[in-house]
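Chemist: So the protein lines, in turn, are chains D and L. With this note's numbering applied, the first sequence closes on residue 369, and no number is skipped along the way. With this note's numbering applied, the second sequence closes on residue 1492, and no number is skipped along the way.
Hints are computed from structural coordinates only; laboratory data are not their basis. Be aware that one or more of the hints could be misleading.
Label-pair restraints from in silico Cβ distances [as the list claims (entries may be wrong)]: (1) R296(D) to P86(L): 52 to 58 Å; (2) W1214(L) to R29(D): 54 to 60 Å; (3) A1180(L) to E250(D): 18 to 24 Å; (4) A1180(L) to L207(D): 24 to 30 Å; (5) P247(D) to I1224(L): 46 to 52 Å.
Backbone N, C-alpha and C fix where the C-beta goes; we use that ideal spot for every residue, glycine too.
Chain by chain, the residues:
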Amino acid sequence: MASGYSAKEEDGHHSGAPGPAGSAAARSRKPDNTAFKQQRLPAWQPILTAGTVLPAFFIIGLLFIPIGIGLYVTSNNIRELQIDYTGTEPSSPCFECSQNYSWNMTRSCACSVPFSLDQPFESNVFMYYGLSNFYQNHRRYVKSRDDSQLNGNLKSLKDPSKECEPYRMNDGLPIAPCGAIANSLFNDTLELFYNEPNGTKTQIPLLKKGIAWWTDKHVKFRNPTGDNANLTAIFQGTTKPINWQKPVYELDTDAENNGFINEDLIVWMRTAALPTFRKLYRIIEKRGSASPTLPRGNYTLEIIYNYPVRSFEGRKRMILSTISWMGGKNPFLGIAYITVGSICFFLGVVLLIIHHKYGSRSNSADLPH
Amino acid sequence: MARERAESSRAHRRTSKKEPKTRVVHPNVLYERVKGEENPNRHYADNKIKTTKYTLLSFLPKNLFEQFHRFANVYFVFIALLNFVPALSAFQPELSLAPVVFILSVTAIKDLWEDYRRHRSDKEINHMDCLVYCRTERGYVEKYWKEVRVGDFIRLRCNEILPADVLLLSSSDPDRLCHIETATLDGETNLKQRQVVRSFIDLDTEFDPLKYNSIIECEKPNNDLNRFRGYIIHRNGRRDGLYKENLLLRGCTIRNTEEAVGIVIYAGHETKAMLNNNGPRYKRSKLERQMNVDVFWCVVILLVMCLFSAIGHGLWIFQYGDKRPIFDVLSPEGTDLSPVVSAIYLFLTTVIVFQVLIPISLFVSIEIVKICQVYIIHQDVELYDEETDSHLQCRALNITEDLGQMQYIFSDKTGTLTENKMVFRRCTVAGVEYSHDANARRLAMYQELDSEEEECTSHGGTLPRRDSAASHHSSRMVLRSQSTKSHRRTGSRAEAKRASILSKHTAFSSPMEKDITPDPQLLDKVNECSSQLEYMRYHQQPLSQLPSELSDVLDFFVALTICNTVVVSSPNQPRQKVRMRFELKSPVKTIEDFIKRFTPSRLTSGSNSSSSSSLATSRSAPRTSCSLLPSPSAEGTLVRLQEERAPTAPESIFGPMLLTPQGPAGPPEEGELRYEAESPDEAALVYAARAYKCALVGRLPDQVTVELPHLGKLSFELLHTLGFDSTRKRMSVVVRHPLTDQLTVYTKGADSVIMDLIGPPAADDTKGKRQRKILYKTQNYLNQYAADGLRTLCIAKKVLSKEDYAVWLKSHLAAETAIQGREELLFESALRLETNLHLLGATGIEDRLQDGVPETIASLRKAGLQIWVLTGDKQETAINIAYACKLLDPEEEIITLNADSQEACAVLLEESLHYIQSKFLCSASEPSDRTFHSDFSAFHTPGTFSPTSTFLIHRLGLVIDGKTLAYALEKSLEDRFLAVARSCRSVLCCRSTPLQKSMVVKLVRNKLKVMTLAIGDGANDVSMIQVADVGVGISGQEGMQAVMASDFALPRFQYLQKLLLVHGHWCYSRLANMILYFFYKNAMVVALIFWYQFYCGFSGSAMIDQWFLIFFNLMFSAFPQLITGTLDKDVSAETLQDLPQLYMNGQNSEEYKPYMFWMNMIDAFYQSLICFFIPYFAYADSDVDLFTWGTPVTSLALLTILLHLGIETKTWTWLNWASIAFSIGLFFMVALCYHSSCPTCFSPSNPYWTMQRLLGDPVFYLICVITPIAALLPRQVASQGVYFYRACQGSLFPSPVQEGRQLDHLPPEVRRSLLSQSKGNAGGLFGIRPAHYAFPGVFQNHGAGGHVSCRRRGGTKHPPHKAAEKGGDCVPRTEQQDPRRCGPAPSEADTLPYSNPHSLAPSGPEDHLHTDPLLDPPGVSLVNRVLPCAPFNPQECVPLTESPPASSPLRPKGGENSPRSQVTEGQDFKERGDQVHPKDTSKEDFFQTTLL
């Protein structure tokens, strides 16, 4: 890069260095006449004039508006139902339960919320729980986990990372899974019942598995493997997180969904980006093509209310939603596309008018006579 | 570095040695047997040089230490260390070190590489061979340079390079001389003589180091190349002085001397060459200073953001009160933190998180871009000079962008504007002028030839005969240059010069300078004179009977020939001086010698013997021949040839040429002698004399051989040479004239000094009258020469009686041997000799303008640059050169300031100021705005009219001489001086000293706060070059000192145009845009995180992965901006040169104004809002996790930033495309790799498989499309809006630069026709812009200011009047009077131009006022003359003109001494009549009408 200036001159050595300079004396120091060195590389020089910008505006406008409409329609076709069961109002069925602040309740509180669907949910229905005002993205909270422990590392199991402090050890025993995230695991149990017109309640089967990322379930999260396959034995010598009611190896009876690879845990461990978030809880699979997954009618949401949110004035929701190719219901993108498209189009029109009105003058200015 | 080292070693010695004042050198031979510790020279530095900064061990600590001198580095290290505090740790501590380490290591690697290069070249030099005497071998053995020690004897052979500073003890030269070429030290290509130490001169046998047992005591090492003092103390206690003539300097090359032996005095780093060499300079550019302000603002923004976050966090915690939420994790110890403590911690955390706002890579990027820019400027073919094989050198690497912001140019004249190639033009001898018309025609022809760009080899047939001879001649020159090649390895520059003579006639001693066509009349006289002399000698008549005019003619040419230091060498043996030794005799050195040589008996007979021997030999030359040929072998042929042609010779003007040896007759190897002079005018004079067949054929220390027509070769015994110095401004030689046998002093010098030294003519007799007449006439011709822009020199002689000489010699010898104050004594001694001279004549030498100077000046001026010329030349010469190079316009009015005292100067300035004000007030009241913007830039838009830069007034030039300048630069007057000077379009300072030059530059730079550029070529410009913001050296003929001091070195002045207008503009706009972009980019990224703080409880959490965040600047977004910063061209080079007005863009800092920083910040914040909230809403209330959401935000930011750069990029080459594609590709590649590498690492983000999932998410693509467009929409609309806004306003183009860009798009033919049109009508290309739009600001202010000032003018109607009257009165009695009482109250005058610059608007062109600078009143002269034809009617200018100043201070000195030429409208200045004006009454009228 610096070959342009002679180092010798810089150092004053040019006074008497023979060597290569001897032959170089005959060589001209004329710079090469190459396109790069003479800065004559072929180039495209766009000029932002009305003539070049106007078509761009129109093209953007004409492309974005239809896309936006498409997105908006898609989003509107998604069925979504949200039920807030926080129970802050005295009229709410869960008011009683919500009065409890404490994590360490011996007795679990149950409440049920009735709701009805005006329209049937056709395809697979995703059941989420939503939390509001819950800062899962708090800097210290986000860090408070030990991925290697969750990956089944035995060493980390017994000696969790420092990042887990102050949820690392309890009573001299290492906490499994350690850290604040795991400690604050969402532990409400939601069950859905369909109130058939005849009055009977049928429980809707909820799939527990398949709610976490495949890579999380199979790569990131692993149960520690010891000599014996028994989880209880492996987790011997560890203790449950302080706020948990049961240890990690009792989260589920299904061995494929127990311990660290419990999908509820995995989903929870993926900390949400924003303080209002939802997390996938269960999936209601469509059975057969004949009937909708959730037909129109009355339903009851049975909740075992464990998770205290009053301390941070949070809200808890249950959300039922179908999804489209672009995910859940969110009209924003459609609106955004329509807006930006319209603005561009509008600007294009305005500029066109100005261009038309004054353009002849500026064109003539290109070639003053 | 070298100096540092030398100093440290010196310091070390100082502690170890007792006597710090001098250095004592013993010969090493004596101590070879004893151990090293006993050697008294052991403390001196050896000859090994080491310019490296580091050793392997010291590299790391030392380099780090140096890097931490940069504040930014310390800051970033501090931030990185902050990360190690657990309570704060925002990032992984190790990771946060990465950028700092990266930056530091890049710099370290760069330093290491540079150091390695230095090491290699050191090694190469240290391992060169030289011969060193070895006692055991009893002879000289080869040793490496690095083994040479102080006290060693070394033997040097011809063409060897000196390894150290050596005291010359012996030379194979019979005169005990040694010639060295110092081109590498000072760039001067002529040979310099060095003399063997006096004690060893008479040594007959070969020097034997074993017998040497003296001790040398000399100065401590210092860097003054022209100074060396010391003694040599012999065993017997005798002391001999040592001078710089005895010292051979390291780096020089031995020439013309077969062998020399010397003792090493200074070695290695203590040599003068090494002490003189200081590395590249580091300056801080204006842009960088501006940038640093904005860096400071970035820090403020950072702190505000951190503070905001901290308070937010405190409040956020506070709102929960005691109900501690589950996600608010306790401190590791499990303790609860109070909101205040949390806030404080958070403040520090956010300082870490937001650190990116202070762009860590900015400094490194700027450095990289600047190096690339320097490289590209370097590579510009158009800045390459074929002739000297040199191209532009950027010596300062970090101020390229300053080139685009210059406002004032200070230029030297000689060698910068002119070629410094002196051509003899005309002369006057004994009061008779010889106009040399043929010579003038010949020169004109060269000029034409120069303009044709063909190879001269082909034009022999078509061009006139004279020219074919010239080309013939040139080809011989080439032959010679080839023969010299082998000898002159280092002189490649000079060689290329010679080789290129074929195509240009401008090289040193080119045919243009050498071939002087003699004036027939004068030639006749010379012939007549010498034939008479011949006759007289033949008839044994006393030579003094020669008519005085003829003897003057002869003496004139003899003086031209011998009164110089020209070295003669013959071309077939390059650098071998011609030996024509008739008698070996050293110059008079002692009184005894003098007495011996000048005893009466010798004076009669001895003198004959001395000259007769020479005459005897010279008589062998054919009598009838006027041969000038030095080599006897060729005489025969030439004589015949000349005899054949002789009869035709006098008739034809080409005749004399044919008689000269350059004629086609001689075979090339028999070519003429070459003269190598220290200054080009000396050579020009010698060549001129040769044209009159008075040729210098040999020069020895004690005699000069001259060949005269009819007389043959004459040897002048050279008794003394009193060299030229700038205070005496003359040089003299004392010779014994071989014909008259008189002791004669020939003096040559500046006319101003010589004329004063001319002895008063004898009172009344005719001779005295004649002398007076000659004096008077000569003075007239001198003035006329000066008016023609010629350099004038006077030649005088003096005949000394032997007694006088003896007296003088005694004192002179005393002075020469004096140890203390030798220089001063010699100076005084010279003064004693040079008195009572007899004037012989004067010469006019033309210094031709360099190619393209007028055009360059014109276009630089169009570019809004103020050009001041600071020269040491006399006023008339300077003014005329200024006219020639279009610096001054014949239509321009000139204010001349010549004052003899401080008070007079004050009055003058006051008057000029009032004059200027009133003049412009008058023109303001005229409703003529039609022409007012005519050659003012049509590009001025209201925004660009900044008061500091473009406050200039037309048609007004200021000329000030050195003496007045000295007064004007006094503290009390400098403001007034500036006020006057800045109102003038051009300023010319003549007779200024180097110090004044630098003071002027400093004054303008500091007071006006403008960017200054100084350009010069000689040592006298060095101080000015160093003071200016940018110093440019012309690597011309006057040596390398200017280049060494400069930031940029150009081969020719005209390249300045491209350097400034094109490269300067580009560098500035590129760098300005890049810096702004940098700020924008970092603010944009940081703002994203800042917005996020509102959604994470101000916890300092970042959704952008820390790796991305930290490498965002270093990797993902780094390359495109570097490419753009290096290669982007807003306007093409052609357009920039065709429309110099575009340069004002940089002058007014329009690419980077303070508000632009804030605009960019606002834009950055807006764009980050878009980039944040589109994904925010798109993913609102979804199951997205922190980093699956943050990664799209990062991608969006990157895309937006790159697209933004794309919009800012004006020129898209494949490199731009490639770099942007590379950046995007790199980001996704890195993300994909990073996100699949480790499932459990990179806590806390743990982004395993995130990007892979995102790539399967359609929403990601959807937001990627919409976000950049939405983010950049306002920028688009704004630029369009501005465009249309301007369009609506009636301005046809958005900005000059955009105009230029549009022009680039037009097909070349259209462009060309447009541009030529624009040049044709003075209104400029876009002159159709309505005038009222061009200067609305000016006009409004102008009107208002005009009113106010007019009223004020009415109020101050009297002071100027008084001032003028008083000015005249107070001059004579300055001592007693308070100077302030002489002048008017300065307040108004001072404040007006500064406080309301617009009030002084450019004048209308109606008032063609002409002033004549040639009036020369005794005390004060502010001379303004209006030509009667000027339409300007001062009566319109009501109050002030009623009171014309008394003309008393403006009384001309008298017609005799100040002949004036009258400028008439439209008449070329060169064609002015040379009639002498008597004091004419009309002039008084002029004063009355115009002087205020």
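Chemist: For a quick check of understanding: which of the numbered hints are violated here, in increasing order?
Modeler: 2 and 3
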